[in-house]
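*Asks:* With these hints in hand, go ahead and build the complete structure from the sequences.
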Amino acid sequence: MLLRESGEHTGDDYDLAAIAGEGAAGGGVAAGAALAAYADTFFDEDRAGFPAARSRLHGEVGGEALVDAAGVLAIFNAVVRIADAIGIPLEAQKARMSADFRGALGIDDYPAAAGKV
Amino acid sequence: MSVDAAAVETFDYRLSPLPVRGDLAATQRRAWARLAAPGEWWPGAVRIAIAEETRAAEACGFCRERRAALSPHAAAGTHSRATDLPEALVEVVHRIRTDPGRLTRRFCEEALAGGLGDGEYVETVGVIAAVVAIDSFCDAMGLPRHELPAPAPGEPRRRRPAGAKDGLAWVPTVAPEDLTEAEAGMYDGLSAANIHRALSLAPAEVAGFFDMDSAHYLRDAQLRDFGAEYRALTHAQIEFLAGRVSAINRCVY
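First to last, the sequence lines map onto chains C and L.
First residue of the first sequence? That's 1011 in our numbering, and the numbers climb one at a time after it.
First residue of the second sequence? That's 2 in our numbering, and the numbers climb one at a time after it.
Heads up, some of the hints might be wrong.
Which stretches of chain L does chain C cover? Using the computed rule of at least three CB atoms under 8 Å from a CB of chain C, they are [to be verified]:
{"hint": "1", "region": "104 to 111"}
{"hint": "2", "region": "175 to 183"}
{"hint": "3", "region": "239 to 248"}
Label pairs and their in silico Cβ distance ranges [unchecked claim]:
{"hint": "4", "chain 1": "C", "residue 1": "F1053", "chain 2": "L", "residue 2": "S192", "range": "24 to 32 Å"}
{"hint": "5", "chain 1": "C", "residue 1": "F1053", "chain 2": "L", "residue 2": "H74", "range": "39 to 47 Å"}
{"hint": "6", "chain 1": "L", "residue 1": "A89", "chain 2": "C", "residue 2": "D1110", "range": "35 to 43 Å"}
{"hint": "7", "chain 1": "C", "residue 1": "E1015", "chain 2": "L", "residue 2": "R68", "range": "29 to 37 Å"}
I should point out that these hints are in silico values taken from the structure, not numbers from a laboratory.
Quick caveat: nothing in here was measured; it's all calculated off a predicted structure.
Ideal Cβ positions, reconstructed from N, Cα and C, are used throughout, including at glycine.
*Replies:* Written out as structure tokens, the structure is:
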């Protein structure tokens, strides 16, 4: 949802489907495809492709941004566990504002979505 | 001293091949120190044991088999455990670590019925989250993970927030208007959104986790300040990556 708001502010039309692995690989976000590959390979069982994906991202965004990316990936890998283990629902306003793309991307079909949206 | 050993010992990543922001390392140091100390519901030794199980779950064959099963209830077996924690607690830790996207209210209820107090359950989630965040950062940086600290002596405080109420989530939570003096600073700098309230039965976990969150992600006040960039990644890049990680974990929040 914040990606959509960010795009509205800057005038960019991001493809939100890319977040869930659908649509354009990078969603129109600068270095989006490299960011997606970075996340995808990190969560692969063997992480075999992760070093190459990290090098690619490094090449596209630089070292400082790569550290930022590691921080974002790390903290969200933790936040999802808090949300899902505690059964925290989306706030009503956020649920309303995200209903269209949640439905379109199948996010509402996630098992963890039951009773939370 | 090798680069790896120095990175672990100093926790400031000064020998990391890539510069790690000082504020980010500082929040991790604080989280590591908090991990070892008595919490609201668990003594330091149990918190460190939970951290050990968080790591052990990654190599647990039963967890891997269950994660691959169509339903988490379809697999049967025993965990490869690292500690002598009670089985019910080991199950909670391993499941949250390895299969968070299929947790249900029933899972939480079974954990509480198995003998865990709701405050203990919440603090367990907070410990898991801290370890996952810092371990994931090290993994993502290609750096060795930090050694877990030795537990600090002392007893847990065991102060239940007086304003905790049922209704929002699977466990009671504290709304900002129900804060008492004992946990008055819990939401300082935070909007008290639902995710901030999640760990509120263990107030130190709220403040501690979102201390880390503010340096790894963005401060609350920066989230919608689209006119300024606070990181080397743009708002859009941060949100795209965050959304992708949530989607991979099949998390709706």
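*Asks:* Now, for every hint given, state plainly whether the structure supports it.
*Replies:* Hint check:
Judged by the Cβ-Cβ criterion of 8 Å, the region 104 to 111 of chain L is covered by chain C as claimed, because 4 of its residues qualify and three suffice. With a cut-off of 8 Å between beta carbons, the region 175 to 183 of chain L has 0 residues touching chain C; three or more are needed, and the interface restraint is violated. For the region 239 to 248 of chain L, the stated coverage by chain C is satisfied: 10 residues place a CB nearer than 8 Å to a CB of that chain, which reaches the threshold of 3. Roughly 28 Å separates the CB atoms of C:F1053 and L:S192, a value that falls within the hinted 24 to 32 Å.
Between C:F1053 and L:H74, the C-beta spacing of about 23 Å breaks the proposed range 39 to 47 Å. Against the hinted window of 35 to 43 Å, the Cβ-Cβ separation of L:A89 and C:D1110 comes to about 41 Å, which satisfies the hint. Restraint check, C:E1015 to L:R68: a C-beta distance of roughly 34 Å satisfies the suggested window 29 to 37 Å.
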